[in-house]
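**Q** Given the coordinates of chain A, assemble chain B onto it according to the supplied hints.
There are 2 protein chains.
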Amino acid sequence: MRTTPLYGAVQDDLSRVEAVFDEIKKVDFGPLSEMLGMVLGGGGKLMRPGLALLCGRFGTYDLDRLVSLAASVELLHTATLVHDDVIDRADTRRGRPTVNSAFENSTTVMLGDFLFAHAANRAVETGSLRVVQLFSETLMIMARGEIRQDLAAYDSRQTIRDYLARIGGKTASLFATACEGAGEISKQPEEQVSALREYGYNFGMAFQVVDDILDFTGDEEEMGKPVGSDLMQGTLTLPSFLLMERSPNGNPVEAYFKAPSPEKLQAAVKTVRESGAVEESSQMAKDFCGRAIDALSALPDTADRETLAELARYVLDRHS
Amino acid sequence: MRTTPLYGAVQDDLSRVEAVFDEIKKVDFGPLSEMLGMVLGGGGKLMRPGLALLCGRFGTYDLDRLVSLAASVELLHTATLVHDDVIDRADTRRGRPTVNSAFENSTTVMLGDFLFAHAANRAVETGSLRVVQLFSETLMIMARGEIRQDLAAYDSRQTIRDYLARIGGKTASLFATACEGAGEISKQPEEQVSALREYGYNFGMAFQVVDDILDFTGDEEEMGKPVGSDLMQGTLTLPSFLLMERSPNGNPVEAYFKAPSPEKLQAAVKTVRESGAVEESSQMAKDFCGRAIDALSALPDTADRETLAELARYVLDRHS
Numbered sequence: 026m027r028t029t030p031l032y033g034a035v036q037d038d039l040s041r042v043e044a045v046f047d048e049i050k051k052v053d054f055g056p057l058s059e060m061l062g063m064v065l066g067g068g069g070k071l072m073r074p075g076l077a078l079l080c081g082r083f084g085t086y087d088l089d090r091l092v093s094l095a096a097s098v099e100l101l102h103t104a105t106l107v108h109d110d111v112i113d114r115a116d117t118r119r120g121r122p123t124v125n126s127a128f129e130n131s132t133t134v135m136l137g138d139f140l141f142a143h144a145a146n147r148a149v150e151t152g153s154l155r156v157v158q159l160f161s162e163t164l165m166i167m168a169r170g171e172i173r174q175d176l177a178a179y180d181s182r183q184t185i186r187d188y189l190a191r192i193g194g195k196t197a198s199l200f201a202t203a204c205e206g207a208g209e210i211s212k213q214p215e216e217q218v219s220a221l222r223e224y225g226y227n228f229g230m231a232f233q234v235v236d237d238i239l240d241f242t243g244d245e246e247e248m249g250k251p252v253g254s255d256l257m258q259g260t261l262t263l264p265s266f267l268l269m270e271r272s273p274n275g276n277p278v279e280a281y282f283k284a285p286s287p288e289k290l291q292a293a294v295k296t297v298r299e300s301g302a303v304e305e306s307s308q309m310a311k312d313f314c315g316r317a318i319d320a321l322s323a324l325p326d327t328a329d330r331e332t333l334a335e336l337a338r339y340v341l342d343r344h345s
Numbered sequence: 026m027r028t029t030p031l032y033g034a035v036q037d038d039l040s041r042v043e044a045v046f047d048e049i050k051k052v053d054f055g056p057l058s059e060m061l062g063m064v065l066g067g068g069g070k071l072m073r074p075g076l077a078l079l080c081g082r083f084g085t086y087d088l089d090r091l092v093s094l095a096a097s098v099e100l101l102h103t104a105t106l107v108h109d110d111v112i113d114r115a116d117t118r119r120g121r122p123t124v125n126s127a128f129e130n131s132t133t134v135m136l137g138d139f140l141f142a143h144a145a146n147r148a149v150e151t152g153s154l155r156v157v158q159l160f161s162e163t164l165m166i167m168a169r170g171e172i173r174q175d176l177a178a179y180d181s182r183q184t185i186r187d188y189l190a191r192i193g194g195k196t197a198s199l200f201a202t203a204c205e206g207a208g209e210i211s212k213q214p215e216e217q218v219s220a221l222r223e224y225g226y227n228f229g230m231a232f233q234v235v236d237d238i239l240d241f242t243g244d245e246e247e248m249g250k251p252v253g254s255d256l257m258q259g260t261l262t263l264p265s266f267l268l269m270e271r272s273p274n275g276n277p278v279e280a281y282f283k284a285p286s287p288e289k290l291q292a293a294v295k296t297v298r299e300s301g302a303v304e305e306s307s308q309m310a311k312d313f314c315g316r317a318i319d320a321l322s323a324l325p326d327t328a329d330r331e332t333l334a335e336l337a338r339y340v341l342d343r344h345s
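In order, the protein sequence lines correspond to chains A and B.
Sequential numbering of the first sequence, starting at 26, is according to the working numbering.
Sequential numbering of the second sequence, starting at 26, is according to the working numbering.
By construction, these hints were calculated from the structure, which means they are not laboratory data.
Bear in mind that the values here come from a model prediction, so they are computed numbers and not experimental data.
Some hints here could point you the wrong way.
Listing some non-contacts, in silico: residues in chain B with all C-beta distances to chain A over 10 Å [what the hints assert, rightly or not]:
(1) Ala44
(2) Glu48
(3) Thr242
(4) Glu245
(5) Ser307
(6) Arg330
(7) Glu331
(8) Tyr339
(9) His344
Restricting the straight-line Cα-Cα distance to at most 25 Å, the calculated cross-link-like pairs of lysine to aspartate or glutamate (DMTMM-like) are [unchecked claim]:
(10) B/Lys50 with A/Glu162
(11) B/Lys51 with A/Asp187
(12) B/Lys51 with A/Glu162
(13) A/Lys51 with B/Asp187
(14) B/Lys51 with B/Glu129
(15) B/Lys50 with A/Asp109
(16) A/Lys50 with B/Asp187
(17) A/Lys51 with B/Glu162
(18) A/Lys50 with B/Glu162
If you want a taste of the chain B side facing chain A, the calculated C-beta under 10 Å gives, among others [said to hold, decoys possible]:
(19) Thr105
(20) Asn130
(21) Phe141
(22) His143
(23) Ala145
(24) Ile172
(25) Asp175
Each residue gets a CB set at the ideal place from its N, CA and C atoms; glycine is no exception.
Here chain A stands alone, though its shape is the one from the complex:
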């Protein structure tokens, strides 16, 4: 994806963000350097940094500070991914794939903390206390969202509203921060900064809903994880909620939650796929995408604005 001109005018500047990661990987302790290489190794889509740089173009495009912001956002994202991989060994039988099964849990936690520290460091480099504050608040929202998700696992009494609040905290808030932070750093008028936040938030919501759909419909190889892995971890997402709404008097998702087995998982995934819940979920993703694009109307009508709109549409069509 990085080779396509998806990020328009900032495509080349993204290499500056990658240079920051290369710098971070240069630690004088071999094993740590190796671990950093695994998690900052490149190959990521750099979607959050791409958005941050693009949003910065609607004001004073101060590349150094915007690169610090972009790197900070991606480091925070990476840190939370690393921490997501810390699990209870006893739970591996639920089938959750661990990206980093090479490390001990305790080392994985510290690796995440190390990345948090770098994220904070780069946020400081933007020179804006307001940006640092956005970061700390985002991390707070993300952590609280994950705790809610953990404690709600295997609880089918959740609602679609719970789901939307959860993905808002887990995903959309960081996209919002990437865009709002860029508006702040590039000294844009408050009205534009709000519009960028609105764009980022809805972009993030669409992004996560599509992610959750792909967990049912995607190709295992392209995604690098088994189909149905959310259910396997006890996590209900939009397609499941919509299925449950359609069949309140019993359905294979609830049956799987009551007594998990590989057969019941397969049945649950199949039913969700065939129930129309996927189509309805796609419509919701489309709605979020529409709201993101609508928010852009507060910005000047430039090629960069078109790039942002195209990115939102791309998110709907992605397959992995």
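**A** Positioned in the frame of chain A, the structure of chain B alone reads:
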């Protein structure tokens, strides 16, 4: 301890720091609030906040900002403690006690992240980017130190120099930040700020060496953990290093590491206790304490300076 006038002139102001924790515990999600109550429940010595407030008295004592700093330091400390408790379930047989065995590992990680977020938030409240930077750098050093410790576990080829670097990162750096940050916030001359940092760093070194001695000599009940728990986790500390130096051709610590068993652990602890390694370790703690007190000579000779000196001496004499 909190009831003794150990913190001199700032004794009462410490309740302001506790009020910050009470505020944080008020989240609108019961289970999270409960978890926060367990880790921020009070009863801690608040040593780092106490030092921060005291150090602030050598300049403009801006209580609001100093309370933010003090709370931030303690929150960062608490977050790292919470993360320290994340372990590999498979390793519990090594006997490591988990303070928070009530939570799942994944929830524990997020709880720590939530506390990091609050720590960052309070650091922002100091209004000083320099303080936020101190924090991010401290977290980086701490995480790197823990990773080194994890990867060096059960490796007896480490040296005393490795040990000192490790506790410098794990413990002393945060004490140094508490003191330096206070100097910064209270607008003290650069020379005093350096002296405070020097005091804090050496204070932290003494504190950790004493902690490591107590792991061999302390009372299990007072400490709330079994004697020899460091060795049980595969961690070599100063008394073990000194014993190994004295008996390079084999000793019960190395024998325990080669094939851990409860009997071998008991033998290792007993030998360390009787070898004179404990006395030599105490002397090193005393030396660090002396360096901390020496650093104070750059500060005006006030009652607050005497309180800082007394605190350093108290650390040497503590039993838990």
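**Q** If a hint holds in the structure, say so; if it doesn't, say that too.
**A** Here's how the hints hold up against the structure:
1. Ala44: holds (19 Å)
2. Glu48: holds (13 Å)
3. Thr242: For B/Thr242, whose nearest Cβ neighbour in chain A is about 26 Å away, the distance exceeds 10 Å, so it holds.
4. Glu245: holds (24 Å)
5. Ser307: holds (30 Å)
6. Arg330: holds (31 Å)
7. Glu331: The claim holds: B/Glu331 sits with its nearest Cβ about 35 Å from chain A, beyond 10 Å.
8. Tyr339: holds (30 Å)
9. His344: The claim stands: B/His344 keeps its Cβ more than 10 Å from every Cβ of chain A (closest is about 28 Å).
10. B/Lys50 with A/Glu162: holds (16 Å)
11. B/Lys51 with A/Asp187: holds (20 Å)
12. B/Lys51 with A/Glu162: Roughly 16 Å between the alpha carbons, so the hint for B/Lys51 and A/Glu162 holds.
13. A/Lys51 with B/Asp187: holds (20 Å)
14. B/Lys51 with B/Glu129: holds (22 Å)
15. B/Lys50 with A/Asp109: At roughly 24 Å apart (the allowed maximum being 25 Å), A/Asp109 and B/Lys50 satisfy the hint.
16. A/Lys50 with B/Asp187: holds (22 Å)
17. A/Lys51 with B/Glu162: holds (16 Å)
18. A/Lys50 with B/Glu162: holds (16 Å)
19. Thr105: holds (8 Å)
20. Asn130: Nearest chain A Cβ about 5 Å off; hint holds.
21. Phe141: With Cβ-Cβ at 6 Å, under 10 Å, it holds.
22. His143: holds (7 Å)
23. Ala145: holds (4 Å)
24. Ile172: holds (5 Å)
25. Asp175: holds (5 Å)
Of the numbered hints given earlier, the model fails none.
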